[in-house]
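There are 2 protein chains.
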Amino acid sequence: MKKYNFSAGPAILPQEVFAEASQAVVDFAGIGLSILEISHRSKEFQAVMDEAQALVKELLGLSDDFEVLFLQGGASTQFAMIPMNFLGENETAGYVDTGSWSTKAIKEAKRYGGTSVLASSKEDNFNHIPKGYDIPADLKYLHITSNNTIFGTEYHSLPDTDVPVVADMSSNIFSKPIDVDRYGLIYAGAQKNMGPAGTTLVIVKKDFLAKQVREVPTMLDYNTHVGKQSMFNTPPVFAIYVSMLTLRWVKAQGGVTGVQKLNQAKADLLYSTIDDSSLFYNPVAKEDRSLMNVTFLMKNKDLEADFLAAATAAGCSAIKGHRSVGGFRASIYNAMDLEGVKVLTEVITDFDKKHG
Amino acid sequence: MKKYNFSAGPAILPQEVFAEASQAVVDFAGIGLSILEISHRSKEFQAVMDEAQALVKELLGLSDDFEVLFLQGGASTQFAMIPMNFLGENETAGYVDTGSWSTKAIKEAKRYGGTSVLASSKEDNFNHIPKGYDIPADLKYLHITSNNTIFGTEYHSLPDTDVPVVADMSSNIFSKPIDVDRYGLIYAGAQKNMGPAGTTLVIVKKDFLAKQVREVPTMLDYNTHVGKQSMFNTPPVFAIYVSMLTLRWVKAQGGVTGVQKLNQAKADLLYSTIDDSSLFYNPVAKEDRSLMNVTFLMKNKDLEADFLAAATAAGCSAIKGHRSVGGFRASIYNAMDLEGVKVLTEVITDFDKKHG
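Residue numbers (the numbering used here), protein chains in the order written: chain Z, 1 to 356; chain E, 1001 to 1356.
Since the hints were made in silico from the structure, they are not lab data. Just so it is clear, CB atoms sit at the ideal spot from N, CA and C, and this is done for glycine as well. A few of these clues could be false.
What the hints assert, rightly or not - Where chain Z lies over chain E, by a calculated footprint (3+ residues, C-beta under 8 Å):
no. : stretch
1   : 1003 to 1016
2   : 1069 to 1079
3   : 1104 to 1117
4   : 1216 to 1225
5   : 1253 to 1262
6   : 1294 to 1306
7   : 1340 to 1347
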């Protein structure tokens, strides 16, 4: 039976990517060696790294004002690396608190300098993106979480400010075009739209990089990795290779504009099915609904186990909601096709007819 | 033509591991999903993590006094994490300088506390492991690099001291039994004997862990990862999975005692061939020769290009020496079989007969 993978992360990637990656594990680029055993200094891997960087630049429309890095340690390491490098003891960074990941980022920043939590939707269990708050012009940077995987909210426009934005885009990078010039630094764990777990994309503007405030350990210094083009030490070769394959696929879909259209169509179908049902509802403010992670709760919790069984029987995998929200969550990243969303909406509609 | 991969790292892994990993990239454990797209919280991946940890413990004979972690960032990140966590401003750690990696570890430690470089073989281009130096009893720890990939030297016995040893075992872990109770902390980038690039093994003794001296960022705190069994954030799923497969293979070879026998036989054959030749020599003190990385230089450098061509024609890949030593280097990690070493020794012997 075909499986439809709605996992929040690590998450679905294109089938073509799995096929090509599987082949490379036994024989990469026809050289008679596995991608897992070749030197990162080999010309074959250098070509992968170069293409991965070039694709990031091309897909997001980055000028040469930006550096593109493939690091390790996940977004969680970036939570600390960013203020460690950029937030002086007597400086203040603004943070918007839109859920668990923002909260963790704020915790790490407090070790290094002033942090001002400009707005939070915590009291409403993070069911919306705060708006209309004041953003002081002298902030070192403004940190946002562009999409909140757990709560299913997403920024559809940036706050109005000249302060450089630092964004955790782990769960919506490469899902739509972005206004890159507004950002000082963008970071993303690969394991949603970009590739498998094991590498972290960092995009940093050169003029932001120049604002480093303190000396830090070699591996935690962005300049180390910029200077060596992400090859200061052995990079996570396979995770970067699979990311490169995935970015090639994004390009073949018409780039981020192409995938955005499909993402909008999938989200429209799923949200309208939920809205039209009598048993399910989405708890998020309509204007802030995520195109990536769709949460849906049941008014009658007693039916949850039955619905989960029906969805599982139809091949829908990993739709259980996060414990912070409950109910269900369907993550519909780039690689989820419209067919998969249709299968899930049919399960919802059928269940609603039977029990609603 | 069959290729024999003598790369220093990322390096050769068993063919059976490549075959099984390749299959898991398209369908893991028969669940209809790729190992690259499943949640790290899934029961299928939890089983991988549990087995990987258990295999590390079993193969090295670790009691419950030790914690086993799979982190990211390579040995290079450990260079800083270790003193950041364990070296107080008014404490001193001893370091033995046996090459580039030791030198990098010393540089990071100096940021946090006292470092005493007890001995160095730098003046002899690191061609031996220093011996007979004094080790003060009040050192917080003694740091060594157990095998020096670039220079081809290896510790065959530990320095005589009661100070807890901290060892970078990136290039010889799981190649032989070790006296685990002498160590406070062992770390190793996976990409030689353990798996592909992308995860870092850390083994830490509980009583050493208790000697943490300062609060550090969440992701750089060993206790974070101990408390969450390496799942505080998304771990590098695939790199851990392939490491688990490789450790299963080590076990099937008779464990570290089994692979040690083969490693000794391979090294004996290669070193004796070099010693018996008229054109080649190994620059390392005999008692310190590495069983993992065999360096061999030519007395007449004009013949190097011809030898490289002959070796390449025989299928021997990645034998060019590191620029710090020159000449040639054959890395003969666990997964290199005796046949591969025989092919290389035949090239050496034939070349010696023709040009010697």
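Exercise. For which of the previously enumerated hints does the structure constitute a violation, in increasing order of number?
Worked result: 5, 6, 7
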